[in-house]
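Chains as they are written, first to last, in our numbering: chain A, 1 to 64; chain B, 1 to 64; chain C, 1 to 64; chain D, 1 to 64; chain E, 1 to 259; chain F, 1 to 259; chain G, 1 to 259; chain H, 1 to 259.
No lab work stands behind these hints: they were computed from the structure. There could be a bad hint or two in this list.
What the hints assert, rightly or not - Beta-carbon label-pair distances, calculated as ranges:
#1 G:Thr79 x E:Thr81: 23 to 31 angstroms
#2 H:Arg243 x G:Leu60: 52 to 60 angstroms
#3 E:Thr81 x F:Val253: 17 to 25 angstroms
#4 H:Leu60 x E:Pro242: 50 to 58 angstroms
Unchecked claim - Residues from chain G that face chain E, not an exhaustive set, calculated with beta carbons under 8 angstroms:
#5 Leu111
#6 His170
#7 Leu174
Here a beta-carbon is modelled for each residue, glycine too, at the ideal position from N, C-alpha and C.
Here is what each chain is made of, one letter per residue.
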Amino acid sequence: MVVNGAPRTLAPGATVSDLVSLWCPSPDGIAVARNREVVPRSEWPSTPLSPRDVVEIVTAAAGG
Amino acid sequence: MVVNGAPRTLAPGATVSDLVSLWCPSPDGIAVARNREVVPRSEWPSTPLSPRDVVEIVTAAAGG
Amino acid sequence: MVVNGAPRTLAPGATVSDLVSLWCPSPDGIAVARNREVVPRSEWPSTPLSPRDVVEIVTAAAGG
Amino acid sequence: MVVNGAPRTLAPGATVSDLVSLWCPSPDGIAVARNREVVPRSEWPSTPLSPRDVVEIVTAAAGG
Amino acid sequence: MADDPTDFVIAGKTLRSRLVLGTGGISSTEVLGAVIEASGSSLATVAVRRVDPAASGGILEVLRTHGVGVLPNTAGCYTATEAVLTAKLAREAFDTDWVKLEVIGDEDTLLPDAVELLDAAEQLCDQGFVVLPYTNDDPVLARRLEQAGCAAVMPLGAPIGTGLGIRNPHNIALIAQRCSVPVVLDAGIGTASDAALAMELGCAGVMVATAITRARQPARMAGAFRHAVDAGYQARLAGRIPRRYLAQASSPVEGTPDL
Amino acid sequence: MADDPTDFVIAGKTLRSRLVLGTGGISSTEVLGAVIEASGSSLATVAVRRVDPAASGGILEVLRTHGVGVLPNTAGCYTATEAVLTAKLAREAFDTDWVKLEVIGDEDTLLPDAVELLDAAEQLCDQGFVVLPYTNDDPVLARRLEQAGCAAVMPLGAPIGTGLGIRNPHNIALIAQRCSVPVVLDAGIGTASDAALAMELGCAGVMVATAITRARQPARMAGAFRHAVDAGYQARLAGRIPRRYLAQASSPVEGTPDL
Amino acid sequence: MADDPTDFVIAGKTLRSRLVLGTGGISSTEVLGAVIEASGSSLATVAVRRVDPAASGGILEVLRTHGVGVLPNTAGCYTATEAVLTAKLAREAFDTDWVKLEVIGDEDTLLPDAVELLDAAEQLCDQGFVVLPYTNDDPVLARRLEQAGCAAVMPLGAPIGTGLGIRNPHNIALIAQRCSVPVVLDAGIGTASDAALAMELGCAGVMVATAITRARQPARMAGAFRHAVDAGYQARLAGRIPRRYLAQASSPVEGTPDL
Amino acid sequence: MADDPTDFVIAGKTLRSRLVLGTGGISSTEVLGAVIEASGSSLATVAVRRVDPAASGGILEVLRTHGVGVLPNTAGCYTATEAVLTAKLAREAFDTDWVKLEVIGDEDTLLPDAVELLDAAEQLCDQGFVVLPYTNDDPVLARRLEQAGCAAVMPLGAPIGTGLGIRNPHNIALIAQRCSVPVVLDAGIGTASDAALAMELGCAGVMVATAITRARQPARMAGAFRHAVDAGYQARLAGRIPRRYLAQASSPVEGTPDL
């Protein structure tokens, strides 16, 4: 799959929760878009990822 | 019918041409909208007016 | 003599001190010009006024 | 003597006229100051120059 | 070379003058004739209004007599729908597909409504009109109007009739640099120097109505604007000197006599 | 009536053009000739400098050939004494009693020194010179120069050669309103619209040097200034519209069709 | 009475400070902390960006530690679609429905795209967001954004990061007078006096990023802006004197001694 | 380092506040007290006027009570002679050798007369006065006043009481850069942002009279100016960002999600 613009392979059946815990020191202040749709925090554990998914994991940066 | 905002009665069967010749010294520089649709000059003679028509007859005024 | 633009008569031998005490509730914040010369406070008692003198007695006013 | 800021020696008895004719292609549009005094054109021939004179010969330059 | 004069061309038509005349506020057809002569304009706007059987009309005749092209406007329209219909009536009445597109947001400022304006511009361009939109001084909107197919863009200097001049020269310069269609400054001009500045900022032309028609001497003011537009245009071509913080002597220092 | 054109008269002499030309910074006598032609100027400044035996000179010839009057300046003088002597040399050399009086305070700003300037002006007026002082934009000093007998006053728009335009239009307007001798804006002009503005503010003329001579195309720029000065002058006579805070429609509201 | 201070309230929330802080360009979280303290701000913007596993992040912590509200922006979005999705991500990530809506037209000017902006604003308002749109200085667009349900409008003074100040005070004054939601000046501010002017023109608040974060001394500049915003606000309430063309003595004429 | 705050010192005396108060136009001693408190000023001007036996006087008491220094002015003087005598009377009456020197040229503009002003300044400096001259915005005159021994220079922003702000920021910046004595902007200030700008341009202080005393709420306006002067001063120290023609993003481009 593609995570934040880069190709990435994940164990089959991995969920958004798995990806976030892999990717972020803490889930705090994080949001996830899967194929240009927001995945609510509550659905992370129940949302499996497929190889064709395009995922964006975002947080706050100084700006504006 | 209503012509340029004022009620107006016309002989039955009167056309746009009749109205324009009645209304304007000359048809030059004139356009007509009937019920918010432009009536092309070529169709004036063949366009009868009905009592419920709302007609606007416009020309150039100093402006802009 | 003329005091602050108005004619004024004083007892013969009157001094600047006499005029000031006559003119001002208090000598504080006051200065006197006699014939376009400043009369120092210390010389008020010893400075007699003559009928032809032009005197200005000034103080602070809101300004600037 | 000094002419336009540079030392210069002239034949004894030389006049302002001599200097100007030596210095300028034409006397037209020229003025001369000798020791910070203007020497009128009419007096050039009759004005001898002495070794201690400071002379300025000026004309028009593009400016202003 | 960019510094040589070029023709003023809109939609393939070369205009003799870079000064576009607005006829609004003119006191009589006689004055209009004199103003046209003095201005040298080859294009003038007219509004589309109800025929007044009593009125003499005559403005079209004056323009034709002087060989001035008619540019109908959609003044008074608040929606794209009204503006599009007005443009169609104008095309029918005046036999021209040119239109100065105005879609305003409110009657106090008469400022353009960006959304309705772009909507109307897209519709009219699609229907083959030569669209000259009266727009605000927004560089982004100006380019969107250009992309929609407008033949020129007419950003404002200040609200119509205010005579406040060019309130935001920075935006006008940005628009002129970034648009490939002609930029014609419209609205807000108060006096000749405003028009010269507009041209110096990079505009291809200037439209003036109130500042001429309501001046104390309209014909004289028309002549003033004619010269000002030319002056500003020539000055831009001629390449102005840079701005300096401190002075630079214009008379030589060398050769100064010791007096 | 005040709104009709009047002649531009200084010390009884009528000048054909309200644009006074400064020759400083000109690249060649050829370019000078072209600039004079394009500008229409009838008066041009020259500086008084040491004769360079090597130099061709020729600037006086160019001015004479084109029938342009010579206005010597005292550029480079820091004291009244230097300026007065320079003026006398100029009178002797160029056979004119006109002088553009410059007495500056420092070499960074080249701004006038009010005290030395007034002193020099008084001396020269007493000696029969026609004095045109280059002054700052101080309305009080301008009137004192007029009272000293100066034939005109030449307030600056900005420091010489900066091209910053008119930094303080309020002062220039005050000077123009309060002086009875002609007011000729001098220094700081950068482009045509600056000159038009000067005339609209009430100046009787404008002097331009650097902005023309150092432009990329001097002759074209000279023509631009010629038109700008005329445009600004005519616009002032024509009577500009008042400034408004809110808009005023230039197309009639009555008669708007219901579409 | 209109001349007494009022709370600064957006969408029912009272903000302690009228100075909204932009965190862009800050050099470190330490400097950010110092800037927040000095500014007294109670609301600060953040951008929504990809998680960098390497990065320390920490900006949210700093804001929380200082009790500063988080205002996510949609910087970098060119379409309504991108902006809406970014706002939704922000709501999910930062647990706030407030959003500073930015939809820009091009990368050179970063100016808002009026049409996309209004579209995005309408969508987000419909979905219950508290929308603070970064808009141009167009009074008509500002009112359309208000009518779409925006909680405030944030017109620009000049393009982002330019430090050019308020290019068009006339438009900002019109917007402040004609909008009933708070007007917060955003973008273009260069220095303290710009912020004071914004408040004097009628703004309810000012947002500052670059002018503080990229100043030579960010914390000191933050303090300067804190005072400037208060000064401009108090000055507006206090009722400034009218502008006069001529002078009015501030010292009495009567009682002047004859010296 | 030049970027750290320094004391505001005139003639060896350190002033607590950079805001100098003018008392002209104040409606009552009560209001004056409130204005002093709100302004934080430590120096205030008074005029020298004939004693009115009927009047309560009391202004000196108010100043003393609040520990505010008295700065007598020579308002109303048209010649050096009058001004020098007025200064001597002030020294005798108020026991101070400080004087705000005003020598004006006419009653319409109340602008300084450069020649009389410099003459009076030289006389008073020779006689040991601490002279703070009210001058125009001429950088050359400012330096001559400094060379004459003045303890500070007080250039105007605009004519007294006009509230037109700083008409020529370029000159004020030049004066501040080129004088070594403190530069205190005087006259013309209309509102808080004008005072902040003065400090940003490099002034060491600002004097305000009419803009405070004739504001609708004088005490509130005094507080606004207190903050504005501080804001402008701190902003100058903090080092403002450069001005840019095009935008610079304040949110990072890298890390923008692909949405």
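Checked hints:
1. G:Thr79 x E:Thr81: 23 to 31 angstroms: 26 angstroms, holds
2. H:Arg243 x G:Leu60: 52 to 60 angstroms: Since Arg243 (chain H) and Leu60 (chain G) have Cβ atoms about 33 angstroms apart, the given range 52 to 60 angstroms is violated.
3. E:Thr81 x F:Val253: 17 to 25 angstroms: 19 angstroms, holds
4. H:Leu60 x E:Pro242: 50 to 58 angstroms: For Leu60 (chain H) and Pro242 (chain E) the Cβ distance comes to about 55 angstroms; the hint holds.
5. Leu111: 5 angstroms, holds
6. His170: OK, holds: His170 (chain G) within 8 angstroms of chain E, min 5 angstroms.
7. Leu174: 6 angstroms, holds
In the structure shown, a violation is registered for the earlier hint numbered 2 alone.
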